[in-house]
Amino acid sequence: MAVTIEDLYRNYGILADAKDNLSQHKDAYQVILDGVKGGPKEKRLAAQFIPKFFSSFPELADAAINAQLDLCEDEDVSIRRQAIKELPRFATGENILRVADILTQLLQTDDTAEFNQVNAALLSIFKTDAKGTLGGLFSQILQGEDIVRERAIKFLSTKLKTLPEDVMTKEVEDYVFAETKKVLEDVTGEEFVLLMRVVSGLRVLQTVSGRQQLVELVVEQAFLEQALNPADPDTVDRLLQCTRQALPLFSKNVHSTRFVTYFCDHVLPNLSTLTSPVAELDIQLEVLKLLAEMSPFCGDMEKLEANLNMLFTKLLEFMPLPPEEVENGENSASEEPKLQFSYVECLLFSFHQLGKKLPDFLLDKVDAERLKDFKIRLQYFARGLQVYIRQLRVALQGKTGDALKTEENKIKVVALKITNNINVLIKDLFHNPPSYKSTVTLSWKPVQKTEAVAPKRPSGEEMGSGGTTKKQNSPLPRRDARQIYNPPSGKYSSSIGNFTYERGGFRGGRGRGFGARGNRSRGRIY
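Numbering (the UniProt record's numbering), first residue to last: 1 to 526.
Keep in mind that the hints are not guaranteed to be accurate.
Said to hold, decoys possible - Below, computed lysine-lysine pairings styled on DSSO-like, alpha-carbon distance capped at 30 Å: (1) K181 with K127; (2) K154 with K170; (3) K357 with K303; (4) K375 with K338; (5) K427 with K357; (6) K252 with K170.
To be verified - Cβ-Cβ distance ranges computed for the label pairs, FRET-style: (7) A16 with D146: 36 to 46 Å; (8) A306 with N229: 20 to 30 Å; (9) G13 with E75: 51 to 61 Å; (10) P433 with K252: 20 to 30 Å; (11) E225 with D76: 49 to 59 Å; (12) E165 with Q379: 52 to 62 Å; (13) S55 with P248: 40 to 50 Å.
Keep in mind the hints are simulated off the structure, nothing from the lab.
Just so you know, even glycine gets a beta-carbon here, dropped at the ideal spot from N, CA and C.
From just these sequences and the hints, can you work out the full model?
Shown next, in the form of structure tokens:
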């Protein structure tokens, strides 16, 4: 005979009045458990009554949790929400792992309100037993369905950082790090990024040794011991993803040496043949920007001279010789070389940073003819720079506030930063002997309030400063905030309107995983 509303209220009354003698009324509690087999009203009542007396009947614990779980899977969403809301009351003692496991599986719901209820329930049991809750989450990440794994990882990446220190103790954070390392043995590109966000936020890893451990994690994923296959977009994607994750970790004490050496050994020689994982991404410029951002944090390098030589060779490729002149002194009709300022800024900056470690490179390690050729290219480039800088300064003269925020003027501001940076670095290299003392802020890095305005700049152009400033170890900027300047080819333009603008950056691989296809149901792996 089905349990009715009256049966539920009557047996609830028996249990509520029993006080210290609750355990003697096992039959009354069983009636409440049987309420999950009734209609919608009976189920809603059962969802509230079952957890209220759960702790008084340990011998019925399994039956009670299973009954509540049945309600969590009911067809009626309002019943599911009620049952989920009450689930944290079952999270006691040895039951915590099971409840956490159940809640993690329930993250797969497509109902927004229900999904939020599951999130709230998980956060609630974190405060009861953080390590036990994490055990349920990581169990599903390692063994659960794809959708559950994906949402459990996203839960960790967004919610752990909101928990207070009395919940996320050192023991709990050590557990998170240990379990995350297990998961990282088999991940997609998107999962790797999210999991690095999880561990990078752990307080126990905010020390120098902790950040070094994080770099080691990234190195393992980057396969730096293997040669790069430039034709494989997955391999290129993995290197980009890993380098981006490592960048914010580098400092004067946590070195980028292995990544910079790998880029010089395997990436720069294949720069023109790299296959972009995303169609609209300028892969060459993206790689050069990453190298430039890493270069200030190099430690001692075994192959310093070889790395400098590779950077020098690439600089020559991107810095053209001036066009030949005919007898009357005018330029020949041949096409004017294209000046690729964005690429040159990155290469010059990287060369300048590594050159500090071997200041006699241009004097003693480069033969006279090659050095002469280099200086001719520098002079030609420098002349072109002066033309563009003058044009940009005139265009930005007197503009402040909202006037600098128009799309056209933002392009000019970025272009001025790039050209100013190159100008400063070229002047250093023209010193005799070459100097490596000047510092610049890379053009795509955010402007700092303490940043000095470049010399000889009209006062209205302060927003365009990219001149000599102290190197700032600012956080990694949003990749989609980068602005790329591509100068016009042909003779130096007198029209600022020829500047073009693209969005820089790379948005997480767009579902692209790391490594071989088809070896895992979750997507590409490595």
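message = Tell me if the beta carbons of E165 and Q379 are separated by a distance inside 52 to 62 Å.
response = At 59 Å between Cβs, range holds.
inquiry  = Taking the Cβ atom of S55 and the Cβ atom of P248, is their distance within the range 40 to 50 Å?
reply    = 46 Å, holds
Distance restraint hint 20 to 30 Å, applied to the beta-carbon atoms of A306 and N229 = With Cβ atoms ~21 Å apart, the hint holds.
key: Pair hint K252 and K170, alpha-carbon separation not exceeding 30 Å   = Given pair K252, K170 holds - Cα atoms ~26 Å apart, limit 30 Å.
ask   = Is it true that the CA of K427 sits at most 30 Å from the CA of K357?
value = Cα-Cα ~19 Å, so holds.
inquiry  = Taking 36 to 46 Å as the stated bounds, is the beta-carbon spacing between A16 and D146 within them?
reply    = 45 Å, holds
message = Taking the Cβ atom of G13 and the Cβ atom of E75, is their distance within the range 51 to 61 Å?
response = 30 Å Cβ-Cβ, so the 51 to 61 Å window is violated.
task = Assess, step by step, whether the Cα of K181 is no farther than 30 Å from the Cα of K127, and give holds or violated.
result = Status holds; Cα separation ~24 Å.
ask   = Are the Cα positions of K357 and K303 separated by 30 Å at most?
value = Within the cut-off at roughly 12 Å; holds.
ask   = Holds or violated: K154 with K170, Cα cutoff 30 Å?
value = Distance of about 22 Å is within 30 Å: holds.
CB-CB spacing for D76 and E225 relative to the 49 to 59 Å hint = 56 Å, holds
task = Verify the proposed pairing of K375 with K338, using a straight-line Cα cut of 30 Å.
result = With Cα atoms ~18 Å apart, K375 and K338 stay inside 30 Å; holds.
Violated hints amount to a single one, hint 9; each of the other numbered hints is respected by the structure.
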